[in-house]
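Turn these sequences into a full structure, and let the hints guide you.
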Amino acid sequence: GAVVSQHPSRVICKSGTSVKIECRSLDFQATTMFWYRQFPKQSLMLMATSNEGSKATYEQGVEKDKFLINHASLTLSTLTVTSAHPEDSSFYICSAAQGAISGANVLTFGAGSRLTVL
Amino acid sequence: QQQVKQSPQSLIVQKGGISIINCAYENTAFDYFPWYQQFPGKGPALLIAIRPDVSEKKEGRFTISFNKSAKQFSLHIMDSQPGDSATYFCAVSYSGNTPLVFGKGTRLSVIA
Chain A
1 GAVVSQHPSR
11 VICKSGTSVK
21 IECRSLDFQA
31 TTMFWYRQFP
41 KQSLMLMATS
51 NEGSKATYEQ
61 GVEKDKFLIN
71 HASLTLSTLT
81 VTSAHPEDSS
91 FYICSAAQGA
101 ISGANVLTFG
111 AGSRLTVL
Chain B
1 QQQVKQSPQS
11 LIVQKGGISI
21 INCAYENTAF
31 DYFPWYQQFP
41 GKGPALLIAI
51 RPDVSEKKEG
61 RFTISFNKSA
71 KQFSLHIMDS
81 QPGDSATYFC
91 AVSYSGNTPL
101 VFGKGTRLSV
111 IA
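The listed protein sequences derive, respectively, from chains A and B.
For the first sequence, the working numbering gives the first residue as 1, with consecutive numbering after it.
For the second sequence, the working numbering gives the first residue as 1, with consecutive numbering after it.
It should be emphasised that the hints constitute simulated quantities derived from the structure, not laboratory data.
You can take every hint at face value.
Pair ranges (Cβ atoms, derived):
hint, chain 1, residue 1, chain 2, residue 2, range
1, A, G16, B, S65, 48 to 58 Å
2, B, Q2, A, K64, 18 to 28 Å
3, A, I12, B, N27, 31 to 41 Å
4, A, T80, B, I18, 38 to 48 Å
Quick caveat, the model's predicted, so the values are computed rather than measured.
Quick reminder that beta carbons are idealized off the backbone N, C-alpha and C, glycines included.
Here it is in structure tokens:
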């Protein structure tokens with residue numbers, strides 16, 4: 001089955017530093033990837049849609065200059081949290097679209113990256 | 001506004017019992033309705049999904065019931081097991097390269 005690999009699984013950084021999270025589709029090409037954020041005991045909230053070779057589309061309220069998304073190839077998207085602050089501490093999860101099944105995309109999710117900003 | 005409303009927030013079921021989780025949506029343009037299972041510290045995993053042209057889909061112990069006129073769909077877990085204890089999310093999406101919009105989740109605990 002489709003596999004999405006996300007790295008690192010856990011990262012701790014100091015306030016003010018930048019952190020990069022990678023999301024790779026291992027056995028399929030993904031023209032579109034989605035980045036979600038999940039706070040403890042809450043649902044997944046869409047942050048942005050990442051399209052290969054073009055600029056990401058950010059959801060309302062998500063700072064594009066703070067959360068830099070790059071989708072340079074059909075199998076890799078990266079999320080960089082710039083100048084991280086403690087309030088950015090969260091569980092970041094990427095997902096990749098395998099392609100349409102009867103018109104709707106089936107999304108495969110990575111295992112998530114737990115970011116803790118001290 | 002909340003595009004999909006999920007209930008209950010938490011659920012405790014005896015081993016062997018039936019777990020039922022419900023979701024309601026507003027936009028009739030949605031045409032893909034999956035359920036995801038998430039264990040602590042892990043990403044969500046697709047459990048089962050349905051399209052609006054069918055009213056029910058069963059895979060093993062998991063069944064989705066879909067009521068298009070009521071704009072509701074539900075997940076039934078038959079013969080619930082302690083290993084089913086997890087958080088379950090319903091989601092909706094449109095056709096094509098569109099993201100999933102998730103419900104708030106239901107924390108299921110199956111007790112022996």
